[in-house]
Amino acid sequence: MAKIVGGVTTSHIPAIGNAIANELFEDPYWKPFFDGYPKAREWLAEVKPDVAIVVYNDHGLNFFLDKMPTFSIGAAPEYQNKDEGWGLKPLPPYPGDPELSWHIIESLVNDEFDICSCQEMAVDHGFTVPMALLWPDQTQRPVRTIPVAVNTVQHPLPTPARCLKLGEAIGRAVASYPKDLKVVVLGTGGLSHQLDGERAGFINKDFDLMCLEKIVDEPEALAKYSIHDLVRLAGAQGAELILWLIMRGALGRKVSKVHSNYHIPISNTGAGLLVLESAA
Amino acid sequence: MTAPHEPIPGTTIFDGRMAMKGYPLNKMCYSFNEAAARQEFLADEEAYCAKFGLTDEQKTAIRERNALALLAAGGNIYYLAKFIGMLGLNVQDIGAQQTGMTVEEFKAKLKAAGN
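Line order of the protein sequences matches chains S and Y.
Here the working numbering is used: the first residue of the first sequence is 1, the next is one more, and so on.
Here the working numbering is used: the first residue of the second sequence is 1, the next is one more, and so on.
Hints listed in this document are in silico derivations from the structure and should not be mistaken for laboratory results.
Honestly, I wouldn't trust all of these hints.
To be verified - The list that follows gives simulated cross-link-like pairs (lysine-lysine, BS3-like), each with its CA atoms no further than 25 Å apart:
(1) S/K205 - Y/K51
(2) S/K205 - Y/K109
(3) S/K67 - Y/K21
(4) S/K205 - Y/K107
(5) S/K89 - Y/K27
(6) S/K179 - S/K214
(7) Y/K51 - S/K31
(8) Y/K107 - S/K31
(9) S/K67 - Y/K111
(10) Y/K27 - Y/K51
(11) S/K82 - Y/K109
(12) S/K165 - S/K214
(13) Y/K109 - S/K31
(14) S/K67 - Y/K27
What you are looking at is a predicted structure, and each value in this text was computed from that prediction instead of being measured.
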C-alpha cells in the first residue's frame with residue numbers, strides 16, 4: 001500500500017531560482033536561508049520517497065485568466081519547465097506518475113472535490129524552486145512527481161478550510177493506492193509577503209512564526225481564517241498559506257516535527273521551511 | 001463581485017471585477033512568456049499594445065512603467081511580473097516604486113521586519 005511518509009513546506013520565490021543558478025549559497029544575504037535546507041535533504045535521503053506530490057500555485061505559465069481552475073492535478077508522464085519571461089533558465093523535465101495521478105483524481109472526485117485533470121502541464125518556479133532546493137542535482141530526478149496547482153491568482157480563492165480538507169482527501173487517496181510506494185507532499189509558497197500596491201513589502205513575522213508552530217499540531221486553528229484574513233495578516237501573496245494547509249491535511253492527524261527554519265527577508269518574503277514526519 | 005469585506009489599505013483584491021477590467025493588459029503580459037513576443041513588444045510597443053486592445057489607461061500605464069497605475073488598470077501582479085522582468089526589474093525595484101522609496105530604503109524596511 002502507498003503511504004505518505006511526511007511533508008516539507010518551503011518558499012518558492014523566483015529570486016531563489018536565480019540565487020541557485022548563480023550559486024550564492026555562501027553569500028551573506030542568502031546563507032541563512034540556504035543553510036536551512038541540508039537537514040531537509042538529509043531527511044529525504046533517509047526516507048527515500050518514490051513520489052513527491054507538489055502543491056504549488058501557477059504564476060501565469062500554464063494557466064491564464066481565460067480558464068482559471070481552482071484545483072488542477074497533473075496526470076502527465078512528464079512535466080516541462082518553461083521560460084517564464086524574465087530569464088530563469090528552464091530546468092530539465094520532471095517525471096510524472098500518471099497511474100497514481102489518475103487514482104488520486106478519481107478518489108478526490110468521489111470525495112466531492114472537482115478537479116481539473118491535466119495530461120499536459122508546464123510547471124513554473126512555484127514547482128521547480130522547491131524541487132531544486134530539496135533535490136539540488138538537476139541531472140538526477142530521484143522522485144516521480146505529481147503537481148497539484150491551486151489558484152491563488154484570481155479571487156475567489158479556495159478557503160483555508162477547504163484546502164485542509166482537500167489535503168485530507170489526498171491523504172485518503174494515497175492510502176487507498178494498492179502499490180507499495182513512499183510518498184512525500186510538498187507545500188510550497190509563503191509565508192507573509194505582498195508584492196503589489198502601496199502595501200508592497202508587508203511582512204508579518206509574528207504571524208509567520210505562529211503559523212510555523214500551529215500547523216504542526218493545530219492546523220484547524222489556521223483553517224479558521226478566511227482568505228481575506230490571510231491577505232490582511234500575511235499580505236496579498238501570504239494567502240499561499242493555503243498550499244501549506246493542503247500538505248498538512250495530507251499527512252494525517254499526528255505528525256512530528258523534524259526540522260524548521262525561518263528567515264527574513266528573502267526577496268520580499270518571510271521564508272519558512274518545515275519538515276514533518278507522518279506518524280508510523 | 002462586490003468586495004464583501006473591509007478594504008485593506010494599499011491592497012487591491014484581484015477579483016472578477018478587476019479580472020474583467022484588466023483582461024487585455026494581463027493577456028498581453030501573459031504573452032511575454034514567449035521570447036518572440038518580448039522582442040515584438042520591444043520593437044514597437046504601441047503596435048503591440050494595440051494588438052491586444054489595451055485601453056488608453058492601460059497603454060499610458062505601460063508607457064510610463066507605472067506599477068500602481070498598471071494595478072489600477074486591472075493588471076495582476078503575477079502577469080505584470082513578466083513585463084517587469086522583461087525590463088530587467090525585480091519585485092524589490094517595483095516594491096520601491098510603489099511605496100515611494102529608494103530601492104535601498106525598501107530593502108532596509110524588509111530587513112527591519114526580521115528584527
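How the hints compare with the structure:
1. S/K205 - Y/K51: Measuring from Cα to Cα gives roughly 44 Å; hence the hint is violated.
2. S/K205 - Y/K109: Holds. S/K205 to Y/K109 sits at ~13 Å (cutoff 25 Å).
3. S/K67 - Y/K21: holds, 16 Å
4. S/K205 - Y/K107: holds, 16 Å
5. S/K89 - Y/K27: holds, 23 Å
6. S/K179 - S/K214: Judged against 25 Å, a Cα distance of about 33 Å means the pair is violated.
7. Y/K51 - S/K31: With a Cα-Cα distance of about 45 Å, the restraint between Y/K51 and S/K31 is violated, given a limit of 25 Å.
8. Y/K107 - S/K31: holds, 17 Å
9. S/K67 - Y/K111: At roughly 38 Å apart (the allowed maximum being 25 Å), Y/K111 and S/K67 break the hint.
10. Y/K27 - Y/K51: Distance of about 11 Å is within 25 Å: holds.
11. S/K82 - Y/K109: Violated: S/K82 and Y/K109 sit about 33 Å apart, past 25 Å.
12. S/K165 - S/K214: holds, 17 Å
13. Y/K109 - S/K31: holds, 20 Å
14. S/K67 - Y/K27: holds, 12 Å
Of the numbered hints given earlier, the model fails hints 1, 6, 7, 9 and 11; all others are met.
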